[in-house]
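Novice: Single-letter residue listing:
2 protein chains.
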Amino acid sequence: MDALLSKQAEITDAALRAIAYMPTRSLPALVDRDFVAGLTDEHLMRIAVLLAEKSYQEGGCPIGAVIVDHNTGQIAGKGHNTLVQANDPYNHGETSAIRDAGRIDFSATTLYTSLSPCDVCATLIYMRGFRRVVVGDVTNAAGNEAFLKEKGIELDILEDRLGIDLYARFRAENPDQDMEDWQGLAALHKRLDS
Amino acid sequence: MDALLSKQAEITDAALRAIAYMPTRSLPALVDRDFVAGLTDEHLMRIAVLLAEKSYQEGGCPIGAVIVDHNTGQIAGKGHNTLVQANDPYNHGETSAIRDAGRIDFSATTLYTSLSPCDVCATLIYMRGFRRVVVGDVTNAAGNEAFLKEKGIELDILEDRLGIDLYARFRAENPDQDMEDWQGLAALHKRLDS
Chain A
1 MDALLSKQAE
11 ITDAALRAIA
21 YMPTRSLPAL
31 VDRDFVAGLT
41 DEHLMRIAVL
51 LAEKSYQEGG
61 CPIGAVIVDH
71 NTGQIAGKGH
81 NTLVQANDPY
91 NHGETSAIRD
101 AGRIDFSATT
111 LYTSLSPCDV
121 CATLIYMRGF
131 RRVVVGDVTN
141 AAGNEAFLKE
151 KGIELDILED
161 RLGIDLYARF
171 RAENPDQDME
181 DWQGLAALHK
191 RLDS
Chain B
1 MDALLSKQAE
11 ITDAALRAIA
21 YMPTRSLPAL
31 VDRDFVAGLT
41 DEHLMRIAVL
51 LAEKSYQEGG
61 CPIGAVIVDH
71 NTGQIAGKGH
81 NTLVQANDPY
91 NHGETSAIRD
101 AGRIDFSATT
111 LYTSLSPCDV
121 CATLIYMRGF
131 RRVVVGDVTN
141 AAGNEAFLKE
151 KGIELDILED
161 RLGIDLYARF
171 RAENPDQDME
181 DWQGLAALHK
191 RLDS
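Chains as they are written, first to last, in the numbering used here: chain A, 1 to 194; chain B, 1 to 194.
Since the hints were made in silico from the structure, they are not lab data. Check the hints yourself; a few may be wrong.
Identical chains share a label here; the pair holds if one copy fits it or two copies do between them.
[Unchecked claim] In silico lysine to aspartate or glutamate, EDC-like type, Cα no more than 20 Å apart, as pairs:
no., residue 1, residue 2
1, 54, 42
2, 149, 119
3, 149, 178
4, 54, 165
5, 151, 119
6, 190, 105
7, 7, 173
8, 190, 69
9, 54, 100
10, 149, 159
11, 54, 173
12, 54, 159
13, 190, 176
14, 7, 32
15, 190, 154
Every value quoted in this text rests on a predicted model; they were computed, and no experiment measured them.
Can you make the complete structure from the sequences, with help from the hints?
Specialist: Here you go:
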């Protein structure tokens, strides 16, 4: 079967964006396995950022994540924040990708997240036994990198300028939504009242 | 409009089970507001347990939760674990009820959970600013009650024998599923290998 993205296809943002938007279960039919297996950490982080961009364009919070299986080099799950899109008080980029991956063993996977994980996601990452986490933005948020390392998870910071600029723009445009997503409406109302 | 469950209806397990199964958004049309507002902590915990029973009957993990709004006395959200039903590595009773409630301020709500919350849910409960949590089973699991109290959340333990017995039966019948739901497949595989 000829894949839309062949083994030799050029690795452009357009190609990575197509992977971001395609359903994970359809990737094997649409993208050559060797193309996916040849993606670097930078490329995979860019897919997470393009998922964040997708969410931003939908009026949501621009945070995306991708999970890669070490054994196959293939994408096991991916997704973006759906606070707005699904009216969900807690479906962050990380949880979205984890739900997309389903009931797999995460001990041989890497999670690429466009933004430093919140306390809940950091706890979930640890409780689900991820091997490695790559964080694409410790400029707009940070703090749980040390916690994850203490828990024995390999942690790399690989900042992506596109993602950092996008998140900074979102926060400037919509500080309330940013805070609701991170700490909940209770904290936001408390801040607005004070 | 006549409600199926009137203000004077008897509070039986059958009535509470009906509330557990009815869509939260339909409750105002099906159940008199005064009937719901008249439910005690014990009744609301029983609804959480009957949601756990529903999940068990579906082959899932028997953990349920209910969120009640202090201002109205009405149910704002409810749900049960969907590890099996939704192939979701992390949708516990608490998260299910939170997703059902949607983007509300949880600072004037109580969360009733049939089982003591895991580390991820305890962190989420704190990060979403819940006022009060009632735990229905600290026999089969426990540990985060002190953490929640330290975070300023009112914490009550109100054990429900039906829920405790149901969870103990599930764990005896399906210890692997129990462990996967709590600590993930990675931890389960590690245990099976050792």
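Novice: Which constraints among the numbered hints does this structure fail? Numbers only, ascending.
Specialist: Numbers 3 and 7, in rising order.
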